[in-house]
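Colleague: Sequence:
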Amino acid sequence: MPDRDRNARDRNDRDRNALGRAENQRPRDRTGRPLPYDTTETALAEEASYDTVDGALAAGVALWDEERYFEAHECLEDVWHHAAPEDREFWKGVIQIAVGCVHHQRGNASGAVTLLERAVARLQAYPDVHHGVDVEELVVFALGAVAAMRDAGFTVEVGYPEFPRMDDGPWVDAPDAPPTPLSREPAWRAAAAPPDAAPDPE
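Just so it is clear: in the sequence shown, position 132 is 132 by the numbering used here, and no numbers are missing.
Please note that a few of the clues may not be correct.
[As the list claims (entries may be wrong)] Quick list of simulated restraints, FRET-style, between CB atoms:
1. D51 / E162: 22 to 32 Å
2. A152 / P178: 42 to 52 Å
3. S183 / D65: 23 to 33 Å
4. D65 / Q124: 22 to 32 Å
5. R106 / A147: 15 to 25 Å
6. P85 / A121: 17 to 27 Å
7. G159 / D128: 13 to 23 Å
Quick caveat, the hints were computed from the structure, so don't treat them as lab data. In this text, a Cβ means the ideal position worked out from N, Cα and C, and glycines have one as well.
Kindly produce the complete structure, drawing on both the sequences and the hints.
Modeller: Given below as structure tokens:
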């Protein structure tokens with residue numbers, strides 16, 4: 001009985017969002033690891049501000065180029081959530097490249113290999129260039145990184161790529177289309193909001 005009471009208290013003490021769902025409110029470092037509640041470290045992607053899908057893409061690309069892959073994937077998830085049905089697997093593959101790099105940055109070779117292989121399986125279903133993104137470059141990077149880590153058995157240096165945008169992209173929709181407004185609060189912004197604020201996989 002005492003154990004059940006303690007477990008109930010533990011559940012009640014969990015961080016929760018405005019809907020009452022359990023949601024970790026601890027700040028995170030640049031690779032997404034939880035930090036102490038009282039940390040003063042800069043919040044993830046707090047300098048990124050966007051209200052359109054195009055803005056989310058631009059923020060994600062900029063963070064990717066700085067090798068801030070956890071934050072990049074948070075922004076790119078807003079692109080994925082708003083993508084046309086036929087493009088969702090494409091953006092999911094792009095995001096999985098970023099998440100694979102996050103695992104590599106954390107020293108988790110097994111997780112990196114798994115995510116990069118999943119990304120390749122998704123991206124190979126698309127043309128070499130899609131929505132202004134050099135898909136072939138992403139696939140070549142992922143396959144090379146997987147081979148290097150499998151051969152070494154740990155997270156060797158793999159040489160992270162910049163986001164492989166072509167001269168005319170990347171685009172979410174047609175280049176001349178008006179910006180698409182976000183239909184929900186950006187995930188990273190909602191996570192950083194006070195617990196009583198309105199809330200916003202993979």
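Colleague: Indicate whether the distance between the beta carbons of R106 and A147 respects the range 15 to 25 Å.
Modeller: holds (20 Å)
Colleague: Between P85 and A121, does the C-beta distance stay in 17 to 27 Å?
Modeller: holds (18 Å)
Colleague: The hint says 23 to 33 Å between S183 and D65; measuring C-beta to C-beta, is that right?
Modeller: Roughly 27 Å apart at Cβ, these two residues keep to the hinted range, so it holds.
Colleague: Should the hint that G159 and D128 are 13 to 23 Å apart at their CB atoms be regarded as holding?
Modeller: Between G159 and D128, where Cβ atoms are some 20 Å apart, the hint holds.
Colleague: Holds or violated: the 22 to 32 Å window for the beta-carbon distance between D65 and Q124?
Modeller: holds (24 Å)
Colleague: Against the range 22 to 32 Å, how does the distance between the Cβ atoms of D51 and E162 compare: consistent or not?
Modeller: Given range 22 to 32 Å: holds, Cβ gap about 25 Å.
Colleague: Are A152 and P178 spaced within 42 to 52 Å by their CB atoms?
Modeller: About 48 Å separates the Cβ atoms of A152 and P178, which means 42 to 52 Å holds.
Hint check: no violations occur; every hint is consistent with the structure.
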